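Chemist: Sequence:
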Amino acid sequence: MKCSEIIAILRGLAPEEWACEWDNPGLIAGRMEKEVKRIFVALDATDQIVEEAVRTGADLLLTHHPLVFKAVKQVNDQNFITRRLLRLIQADISYYAMHTNFDAAPGCMADLAAKRIGILQGQPLEVMGEAEGLPFGIGKWGELEKPACLSQLAKEVKEKFGLPYVLVYGEEHPERKLTRAAVCPGSGGSEIEAAIRAGAEVLITGDISHHQGIDAAARGMAVIDGGHYGLEHIFVEFMGGWLEKQLGSGIQVIQAGPQWPARAY
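So in this note's numbering, spot 71 of the sequence shown is number 75, and the numbers just go up one at a time.
A couple of the hints might just be wrong.
[Claimed, not checked] Derived lysine-lysine pairs resembling DSSO-like cross-links, with alpha carbons at most 27 Å apart:
#1 K181 / K159
#2 K119 / K164
#3 K119 / K162
#4 K38 / K77
#5 K6 / K249
#6 K119 / K38
#7 K77 / K119
None of these hints come from the bench; they were simulated from the model. A quick note: this is a predicted structure, and the numbers were derived from the prediction, not measured.
Put together the whole structure using the sequences plus the hints.
Modeler: Following this line, the structure appears as structure tokens:
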């Protein structure tokens, strides 16, 4: 199957035009006419991931985060970003990214995270469009299937996303059960206002700064920070399984192992 045919299937799931204006999803490097027999799926195109893709003989590298966001004027081995692009091109590996279009698309990042947390009939925090008469977009908010106190919910987020730890902003009130939650995998500081307007009692996200956390808590909304990678690594497992179902046994799909960018000691 050609790379162009696989990209058409991927666009059926999350069209590139559904991405935020500042984003850069799509075919970032490589040939549309490349014959693909092996796909490597990862969250980021790090040096390690690029080398694994080369080592395993991948024909297509699929990541969530694009390696390139801004215009590149030179592609050489003098810059750590373009060095990776050069390595992929030399190995004849086509490289495709699905970022905020995957975050927003129905059944993708926002819905997957909301389902893990137990948010029922969630609504987008930031509406990006409409599909089949229903709005879709960044993040989700809604009622929790099982109301829980803050510490209990934090433990559930750790367990359901396989996290080593989470950071929690907001005071624990053992007698208070949280009933309405919002989730925004990745960096969700920009969705704090939307979550407060939605009446969320807790926002589950990543990359929250000190002041964002304490200010949200002061306004009555707790924050559970599971990290950027911590909430978005579900992309790898989902896309790996989805591609296997869509493409059949003729194409091998390899899922990257855990790539935690930071460790706690």
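Chemist: If a hint holds in the structure, say so; if it doesn't, say that too.
Modeler: Each hint tested on the structure:
no.	hint	verdict
1	K181 / K159	14 Å, holds
2	K119 / K164	10 Å, holds
3	K119 / K162	15 Å, holds
4	K38 / K77	25 Å, holds
5	K6 / K249	17 Å, holds
6	K119 / K38	36 Å, violated
7	K77 / K119	42 Å, violated
The earlier numbered hints that this structure contradicts are 6, 7.
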